[in-house]
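Student: One letter stands for each residue in the lines below.
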Amino acid sequence: NAGVTQTPKFQVLKTGQSMTLQCAQDMNHNSMYWYRQDPGMGLRLIYYSASEGTTDKGEVPNGYNVSRLNKREFSLRLESAAPSQTSVYFCASSVVGSPYEQYFGPGTRLTVT
Amino acid sequence: EDQVTQSPEALRLQEGESSSLNCSYTVSGLRGLFWYRQDPGKGPEFLFTLYSAGEEKEKERLKATLTKKESFLHITAPKPEDSATYLCAVYQGGSEKLVFGKGTKLTVNP
Chain A
123 NAGVTQTPKF QVLKTGQSMT LQCAQDMNHN SMYWYRQDPG MGLRLIYYSA
173 SEGTTDKGEV PNGYNVSRLN KREFSLRLES AAPSQTSVYF CASSVVGSPY
223 EQYFGPGTRL TVT
Chain B
473 EDQVTQSPEA LRLQEGESSS LNCSYTVSGL RGLFWYRQDP GKGPEFLFTL
523 YSAGEEKEKE RLKATLTKKE SFLHITAPKP EDSATYLCAV YQGGSEKLVF
573 GKGTKLTVNP
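Chains as they are written, first to last, in this note's numbering: chain A, 123 to 235; chain B, 473 to 582.
Keep in mind that a hint or two might mislead.
[Said to hold, decoys possible] In silico BS3-like cross-links for lysine-lysine, where the CA-CA straight-line distance does not exceed 25 Å:
(1) A:K193 to B:K540
(2) B:K540 to A:K179
(3) B:K514 to B:K535
(4) B:K551 to B:K540
(5) B:K574 to A:K131
(6) A:K131 to B:K577
(7) B:K541 to B:K514
(8) B:K577 to B:K529
(9) A:K131 to B:K514
(10) B:K569 to A:K179
(11) B:K541 to B:K551
(12) B:K577 to B:K531
Since the hints were derived computationally from the structure, they do not count as laboratory data.
Modelling step: build the complete structure from the supplied sequences, incorporating the hints.
Tutor: Structure representation (structure tokens):
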């Protein structure tokens, strides 16, 4: 069991470039999440998907789009990267959201110059 | 507004020196309080879930407790390998959104 996997591990983008962060889980979880973590701000929810075929906005969705490709995969897309999107991005999954714990991937460290 | 506040922001202990980390929360209808451990450069690792006041859970040198307004993570006789940032989180009332505190960075010196 790999748990939650994320690719890439590191990425450097120039302002205005686009990219997609990939996330996959092999725990047969229904719910998946994307967070960003910034110094002094803690973990903040960007988007989540309670089940295959559904997505909802979290606390900081502006500048991002998501796709729940199937039950295993949930991708996060930056259409036009900005320096403010420099952060560490984490994907997580859970059985069915509340009240169950979420399991996190190793993260993607993104720098936008 | 639902909030999770952790204190202290940072804590330095000597090996063997027991202490507690605090997580206070304001949320309508608690549906679970979660503790995570995060090592530098890694994702948060799930430790405990507490669902109701009075509940306690233990794992090695860690013990989590819950009251109606706060949770404590007690660390007994810590070792240097316990050094990490500890995060707590609660589900935002009426939603599927997990709200995190900013964490307590624990350093245990040998």
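Student: Within a Cα-Cα threshold of 25 Å, do K193 of chain A and K540 of chain B meet the stated pairing?
Tutor: It is violated: about 36 Å lies between the C-alpha atoms, which goes past 25 Å.
Student: Given the hint that K541 of chain B pairs with K514 of chain B, does the C-alpha gap stay at or below 25 Å?
Tutor: Answer violated: K541 of chain B to K514 of chain B is near 29 Å, above 25 Å.
Student: Run the distance test for K577 of chain B versus K529 of chain B: straight-line Cα separation, threshold 25 Å.
Tutor: At roughly 21 Å apart (the allowed maximum being 25 Å), K529 of chain B and K577 of chain B satisfy the hint.
Student: With a cut-off of 25 Å on the C-alpha distance, tell me whether K131 of chain A and K577 of chain B pass.
Tutor: Within the cut-off at roughly 23 Å; holds.
Student: Take a quick look at whether K514 of chain B and K535 of chain B sit within 25 Å of each other, Cα to Cα.
Tutor: Holds. K514 of chain B to K535 of chain B sits at ~23 Å (cutoff 25 Å).
Student: Are the Cα atoms of K541 of chain B and K551 of chain B separated by 25 Å or less?
Tutor: Violated. K541 of chain B to K551 of chain B sits at ~29 Å, over the 25 Å cutoff.
Student: Sort out whether K131 of chain A lies within 25 Å of K574 of chain B, counting only the CA atoms.
Tutor: Roughly 23 Å between the alpha carbons, so the hint for K574 of chain B and K131 of chain A holds.
Student: Could you grab the alpha-carbon distance between K551 of chain B and K540 of chain B and see if it respects the 25 Å cut-off?
Tutor: With Cα atoms ~30 Å apart, K551 of chain B and K540 of chain B exceed 25 Å; violated.
Student: Is the hinted pair K131 of chain A and K514 of chain B satisfied, with a Cα-Cα distance of at most 25 Å?
Tutor: Holds. K131 of chain A to K514 of chain B sits at ~11 Å (cutoff 25 Å).
Student: For the pair we were handed, K540 of chain B and K179 of chain A, check the Cα-Cα distance against 25 Å.
Tutor: With Cα atoms ~29 Å apart, K540 of chain B and K179 of chain A exceed 25 Å; violated.
Student: When you check the alpha-carbon spacing of K569 of chain B and K179 of chain A, does it fall within 25 Å?
Tutor: Roughly 10 Å separates the two Cα atoms, so the pair holds.
Student: Take the C-alpha atoms of K577 of chain B and K531 of chain B, compute the straight-line distance between them, and say whether it is at most 25 Å.
Tutor: Judged against 25 Å, a Cα distance of about 19 Å means the pair holds.
In summary, the numbered hints that this structure violates are 1, 2, 4, 7, 11.
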